[in-house]
Amino acid sequence: MLRLPRFDYLEPKSLKQALKMREASGDNAMYVAGGTDLYPNMKRRHQDPTTVISLANIRALTGVRNRDGHTCIGANTTLTQVAKHRRIKRHYPAIATAAGSISTPLLRNMGTLGGNLCLDTRCNYYNQTLEWRKSIDYCMKKDGAICWVAPSSPRCWAVNSSDLAPVTVAIGAEMALVSADGERVVPAGKFYNDDGIEYLTKRPDEILTELRLPQPNGWDATYLKLARRGSFDFPVLGVAAWIRWDGDTVADARIVLGAVASYPMPVPEAGAAIIGTSLGDDAIETAATAAFKPSKPMDNTDHGLSWRKQMTRVYVARALKELRANNKLI
Amino acid sequence: MGSDRAHDLRIVGTSQVMVDAVSKVTGKTVFADDLQLPQMLYGKLLRSTEPHARIRKLNVSKAVAAPGVKAVITGADLPIPFGILPVSQDEHVLCPEVVRFVGDPVAAVAATSEDAAFEALNLIAVDYEPLEPIPSIDTALESDKPQLHDYADDGNIHKLINLEFGDVEEGFADAHHVREDVFFFQGNTHLAMEQHSATADWSADGRLTLWSATQTPHYVHRAVAKVLELEPSRIRVIACHNGGAFGGKSDPFSHEIAAAKLAMLTGRPVKITLTREEVFYCHRGRHPVLMWAKTGVDESGKILAMHFKTCLDGGAYGSYGVASTYYTGALQTVTYEVERYKFQGARVFTNKPPCGPKRGHGTPQPRFALEVQLDKIAEDIGVDPVDLRRNHLQPPNSVTANWLKIGTIGLGECIDAVVEGAGWKEKFKKLPFGKGVGIACSSYICGAGLPIYWNDMPQSGVQLKCDRGGGVTIFCGSIDIGQGSDSILAYITAEILGIDPIDVRVVTADTDLTPVDLGSYSSRVTLMTGNAAVQAAEKVRDIIAFHAAKKLETEPDKVRFADRSVLAADDPDQRIAFAEAVQLAEAAQGTVGSIGWYKPEKSPGRYRGAGVGPSPAYSYSAAIAAVDVDPETGIVTVPKIWIAHDIGQSINPMTVIGQVEGSVYMGLGEALMEEMVYRSNRNVVHKFPSMLEYKSPTTHEMCEIETFLVGDPDPNGPFGAKEAGQGPLLPVMPAVANAVYDAVGVRVDEVPITPEKVFKGLRSKDHRVGPKSFPDIPWPEPLCIPTPAEGGDGKALRVETAAKA
Amino acid sequence: MPKFTLNGEAREVNVPGANPLLWVLRESLGLTGTKFGCGIGQCGACTVLVDGDPVLSCLVLGRACAGKRVDTIEGMADGNGLHPLQQAFADLSAAQCGYCTPAFLLTAVVLLKENDRPSRPEIVAALSGVLCRCTGYLKIYEAVERAAAVMRGEKVTPLEEILDGI
Ligand SMILES: Cc1cc2nc3c(=O)[nH]c(=O)nc-3n(C[C@H](O)[C@H](O)[C@H](O)COP(=O)(O)OP(=O)(O)OC[C@H]3O[C@@H](n4cnc5c(N)ncnc54)[C@H](O)[C@@H]3O)c2cc1C
Ligand code: SF4
Ligand code: FES
Ligand code: FES
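Residue numbers (my numbering), protein chains in the order written: chain A, 375 to 704; chain B, 9 to 813; chain C, 78 to 243.
Hints were generated in silico from the structure; no laboratory data involved.
The beta carbon of each residue, even a glycine, is placed where N, CA and C say it ideally should be.
Lysine to aspartate or glutamate pairs mimicking EDC-like chemistry, simulated, CA-CA at most 16 angstroms apart:
#1 547(B) to 565(B)
#2 36(B) to 155(C)
#3 683(A) to 640(B)
#4 65(B) to 137(B)
#5 695(B) to 511(A)
#6 36(B) to 151(C)
#7 695(B) to 673(A)
#8 508(A) to 135(B)
#9 232(C) to 219(C)
#10 780(B) to 188(B)
#11 458(A) to 199(C)
#12 564(A) to 548(A)
#13 458(A) to 191(C)
#14 458(A) to 130(C)
Selected chain B positions facing chain A (in silico; Cβ < 8 angstroms):
#15 55
#16 283
#17 703
#18 709
Produce the complete structure using the sequences and hints provided.
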């Protein structure tokens, strides 16, 4: 059977204690929340911290709060809680939908918002056991030299596969981080890096404490997920679309693609294509094409890459049509 | 066969709780990995990281010295080869010289904990000299070198078959319409929820006990005896309840024999439980098969001639492959009449995990080809696909062109049931674009006519023992893999002896305690163990009746068994308890027991290759699938499947329906998403040996099913029963493919039918996705066997005469 | 290792290091009713209840359960009395090989606690975290519906009469 390697397990009760422990244990330490990403990775030996610091008992990280009209979701909130929370469902349905689409109800009872936002990037040359990876002589992301997805490329193309990440970027949420140096707040769009290895701008010692959602005032957003099966599966494409309405006209828009790049990929051209329109079919078509062009899935997830690219067009159009249908003025 | 049906059946034919249901719902059933023995060690196998390589050096010294390690073995310790079929003894427990796929075992470790064993594996240094890998059918056909196995028929072609039943060319010349098509069925795997696991215990007096999650304890017994050079009488193999198997646990495996060897070396019990990834390497699943079919029909669609070619990608070893290859041709003739038939089959070796038997063994692939091709033919000649099938059924009690003897055939009833149930006439070709229905039929064997190794003994035996307390114990080598075979034994015994299933204790799958049954494969268990149980129970019934008759003041043939009593048929008030009747018999003649056994009749085919295909009975199924196809994405969803199955007689309709539903589920997975894929450009690794990336339908993908059980009792089945565990899978894939065509006009001549393919088909000119051609294969001279209609005798013509004729 | 409440009894286990709950249950405590299917969250076979929620025991550390309530299949029956769900699974042969059964049963217990009359789509959604390769799920759904009816105090068709005459 597949077992965990040996490691030290620490259970701090406060953020302060956690940061201290992290400082004491150095770079071989990692945080864990629900463990649904980290433990499988450790079992397959592609993440190998020798110290694991559990954030599960830190009170400050739990709960959904309302601060100045912003809804703030603690990093430890489970995905089930996020998906079922009344206020989130009402004002941020895209967040609730994305959270509720993750894996299975069982996993959502364990997996946390923070873990999801910090989810390791994925690649099916990487999410494999040690023995398997040995047979391809490993790869750049872990223990090897070459990226098998694009052997001539100097970088890793592992995929950001979080369902929530593209939504946070699209709606303009913010991440609150703490470290020994204090607190800082980063817009979601700046939280992610276009790199399969250094996929977060967050320093490894920083703790994500909460996700701050913008005030729900005059904008609408949605999230569509494409995956092979109705449960268990990571997205092979996620489309998060955000629109600020001015009556029946699009005043501002953002479209962000998930699971086609190492980061949630904004497609400003697609948003620009609908600004000033009432989301007629033509405008939607133009936006869908604009999103389709830069969408470059690689051969490292389920499904064929050209089909996934084609689906960008379909899913962006469907997301925009959904938003159009939501607007009672149209 | 069968039991006398003069009196009403009380148990057979009614829904009953399975005998092991309570232990399963309370978590008490002991699966192989649940065993823990005192002092037990944990074993692990080191597996090859190369697809094809010579082992230059293998250094285990660091592993031997590692903490907790008690023994390390390599290929040199177990030089004797094994394999399930006598003709392909080509596997080693640990590869001695050459590794043939990523995952081929090369060394094994036993240590005091699983962690220690794992860490020790990482200390074993293997120096491989890579050999050119053979990743695909094409490369195997092109290159003889390097040759994977020197016993192959031709280079890397493991097996070549060429059989001709009647002159097909003549048939094609007479035909009104002839069609040629090429199909591909991708490989897929069983994915039983339980991983393989085995625990071995060696005692100092030279006895070995092996518990294993296996479908074939008898064959494991033979393989262990052979490789370890032990007296079979010193080996006891106990098959634990299987947590699903589907054919994946029917070969003897390296981990079983390695556990035994490690136990012998250390004197301590050794358990080896595989990881999920290793289960993908054990594989033995569905062969990828490339197929070419040429069929000629008359105006009404009657098949005058069929020429069928298959090429199977066998993976690295023989396994059941020779049988699988024959099966890709054998059952094409048993559903619809085929006047003349030619079959050419080839299996190649490639550097991938070996393929073998999965639910439907070798027959779903050709069935897919045949049923899709018939759909095309129906359209070509303007006949409704239902009529095309319904009007040309193979007649009951007949012999097919390839000399299979057919008994009852309920296929007509099956077709009628689904056509009516699904409202076919209102739907076919009448639904809006994107929605469609498709039909397909199939047939499957109820046990193979011949055992795997040549012998004259029964395929199944039972012993029955009556207890003074009124309990009955039935001993049988069969193994319950979830299909309910233990329950069948209890129901049949209880039915005949007038007791309740709960009064019957079933002891199975223990080579020390139970008479041989060959195992849970080829849908043989209900029919064969059932018949053996009927025989044994009837013998005991007669013994008891003889002694009870005196007390009941009647004649033995007027004694009835019911309500846990033995009574006089003419005067039911004259009765004694069953237990008392047993006591009377025991007092008169000693322990009351009996044996029963079953061996199928010889089949009429007498040519080389005639051993695959014959069966005491054939089950039939027909299915109609409804599909929704999203034309923008190509995504296919299946809301409902109507399926009718000719079961002969249900022993327990609830479990029969369970088998039908489970088969449809598995077929749906194969139709839409399951596939074994390898990266041939990257060391031929399995692309994703995991439960996340190997796609098994979740609750969300499962369709609604309406099941119809039809058919008349078959004289060869116990109480008339036929199989249900495999046959109903077969029509699902072609029914879905045909429905996709009805919905959007795209022919996906390939399984699985993925959104990519449908999407491509919608945008291509010919609206077809599938292989373009069938490769040239150096077929041997055909064996020519005149059909029964031509007055043949089941034998092949001698080659010289064939050439002349 | 921590103290926790296992199937209603206070337990303390001594296991070295950080072992997932699945191994603590199966190896240290000998409760083998909880199954291993993959070890990495991909199958659901290892489902147990922690503080009443169904979770994957292959991904929860035993130590993280300190002070919590853990319920496994072994605690589901009330003495010798099967839980209505267990009875319904047995009646309808919703357990074929039985390997996935404990996980489905525990998940269904929670579903019926929250919703005594779940619709078919609600059942499909609630049970979507466990794979079964034998049954095709349909008998499992029917068993959940049957148990729900029993638990609501309704009469259900006796087993002998279901499918009678086939
Ligand atoms: C079978 C399976 C299917 C899945 N399907 C999906 C899916 O469909 N969609 C999807 O989005 N995800 C999916 N996941 C991934 C993952 O389980 C979820 O995203 C989950 O939310 C991760 O949360 P966690 O708390 O379990 O993370 P953990 O494993 O605890 O942590 C994940 C990472 O985040 C870091 N981390 C966690 N919390 C913090 C914090 N507060 N501050 C700083 N760093 C932190 C950890 O160090 C670790 O690197 C799946 C996982 C599995 C096993
Ligand atoms: S994208 Fe390349 S480097 Fe990154 S994980 Fe995949 S193979 Fe490795
Ligand atoms: S064992 Fe598969 S999810 Fe835990
Ligand atoms: S009953 Fe076998 S896996 Fe569900």
